[in-house]
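Each protein sequence line maps, in turn, to chains A and B. To convert, note that position 25 of the first sequence is 25 in the working numbering; the numbers rise steadily by one, no gaps. To convert, note that position 149 of the second sequence is 149 in the working numbering; the numbers rise steadily by one, no gaps.
Read the hints as simulated data drawn from the structure, not as lab findings. Errors might be hidden in some of the hints.
Unchecked claim - To list a few chain A residues with every Cβ distance to chain B over 10 Å, as calculated:
1. Leu83
2. Ala87
3. Asp89
4. Gly106
5. Gly124
6. His262
7. Arg279
8. Ala289
Stated by the list, open to error - Among the chain B residues that face chain A by a calculated CB cut under 10 Å, a handful are:
9. Leu6
10. Leu8
11. Val93
12. Ala247
13. Arg249
14. Gly250
15. Glu254
None of these values were measured; they are calculated from a predicted model. Ideal placement from N, C-alpha and C gives every residue a C-beta, glycine not left out.
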Amino acid sequence: MPAIEVLQLEREYKGGLRAVDGIDLEVAPGEVYGFLGPNGAGKTTTVRMLVTLLRPTGGRALVAGHDVATEPHLVRKRIGVALQEAALDLLMTGRELMELQATLHGIPSRDVAQRSAELIERVGLSRAAERRVATYSGGMRRRLDLAMALIHAPEVLFLDEPTTGLDPVSRVALWAEVRRLRDEGTTVFLTTQYLEEADQLADRVGIINAGRIVAEGTPAALKAEVGRPHLDLTFTEDADLEHARAVLERFGDHRPAAEGCHLSIAIAGGATEIAPVVRALDDEGLIVASLELVQPTLDDVFVEKTGRHLEGAEQAAPAPVPEPAA
Amino acid sequence: MRRASLALARRALMTTLRRPQFLAPLVIFPSLFLAINTGGLHRSTDLPGFPHVHGFLDFQLAAAMCQSLMLGGVGAGIATALEIEGGFFDRLVASPIPRVAIPLGRIMAGSVISAMQVVYFLAIGLIFGAHIAAGVPGVLLVMLIGVATGTGFCALGVMLALRARNASTVQGIFPLVFVVLFVSSAFFPRRLLSHPADWVAAYNPLSYVADGIRDPIISPLTTSTAIEGLIAALAIAALGIALSVAALRGRLREA
């Protein structure tokens, strides 16, 4: 049974705005599903329907085997939710919030303190647990939000843009936690507008635009759909670019490149073709100042499907990818 | 539901006590009115038809309590609206609890704060020379009417927040507190109000609450006034709770 099954799900707001327009998707148990799209694409509306905060106006959605419209109380027992903009009470301490969340999720009174302490420790907030949340940084609030969503060990975890506005270090820490959850078998439905986040974390990605899913698959498959990697080369100023162009034609089609001493070719073989290209250029006395093998990105997929770039695409690559936490 | 309501009540109480800007108006405005009225209008007790009182402070304590309890309702409404604006309300709605526990928790916290407000004004009165003519039973009656009224106003504040969904709208009803107070017998005996104020006061439930709180302070218990005060207070509480639960259901239905 899928952890999440969505069939022709729709949400039309008063005034006729159709924020979600008949989407279908399926998420397997233990899978991290990245739901990628620009602001206003329908990501949050979809999540709000799946977590029972918003009624669908059409279609059907099953989460953890229960219908969000007819069995919302059963859905709520099985899901963890960390919505956009960590919604925390700033006047409470981290420990108080965790204990409240534990109580609301029906954890027996005798276990509340211990379970809360475990989760606080897991997200690295033990030393800040007695401080009011108002004193927490954005990253700390996100971690606390995540810990609260995990208090009852949910089958399905919804993370709505969990790293928006976070610094790279906090983002990487949160990614590590999501990987750890996946390793533990938790299904994660992650919305994001960051390409790198979807690329790094998601087993499969759904790209939504204007309320419709325009592409779905593994990041690798989606990128493979839109084309081959390309090699960007920069030559020294005295290089004969026409000569270089002729040499490079042997390896692949030319692509548009920046003005000046730059050339770009699409290459089918990826990294394995770099050495032959360099060797051929060297044999002809053409000196390469720098070269870069550029893989297709999910933004290329988005461009292919919608004709425009995804917002935040330029923020795709900054953070190094950490090893999953032990 | 009991466990969730109690947990949310405890949390609402804790956060209210940690927010001095919400607590201050409940104490400062009514205390100032009490001091100014008692100091400047104490000769009112000489007016023909004014009830026999030990001092004007005794008479004014009920007005201060009513004012404070109404402001408590505004505070509860603003706190709820801020939760809605900040998304904490959604967190609660997404929890596997009976959703009615969400307003009930806030309202229960309002009941506790109402009791603290009544105790505060009784203490202030006693410190500055007021007498409780009906003794301990009178104090208990004042507490009962005060807590029921405060509970009702908190529930009405929560209802307004659930309808308006933003704190500034709830804050906008602040002047209404004074309008409702001034068209009641809270500050002055109904029989000394001129027409049409006396007519409006007769239909204003706050008049019966104020009279019900005042009566045991200025005289031995009067059964009819006590009953009228209790009925008015309980009616405000029942109406407020019913309306807040209905507002919650309406809000969730619209989602």
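To see whether the hints hold, each was checked on the structure:
no. : hint   : in the structure
1   : Leu83  : violated, 6 Å
2   : Ala87  : violated, 3 Å
3   : Asp89  : violated, 6 Å
4   : Gly106 : violated, 7 Å
5   : Gly124 : holds, 22 Å
6   : His262 : holds, 47 Å
7   : Arg279 : holds, 58 Å
8   : Ala289 : holds, 51 Å
9   : Leu6   : holds, 9 Å
10  : Leu8   : holds, 8 Å
11  : Val93  : holds, 6 Å
12  : Ala247 : violated, 17 Å
13  : Arg249 : violated, 13 Å
14  : Gly250 : violated, 13 Å
15  : Glu254 : holds, 9 Å
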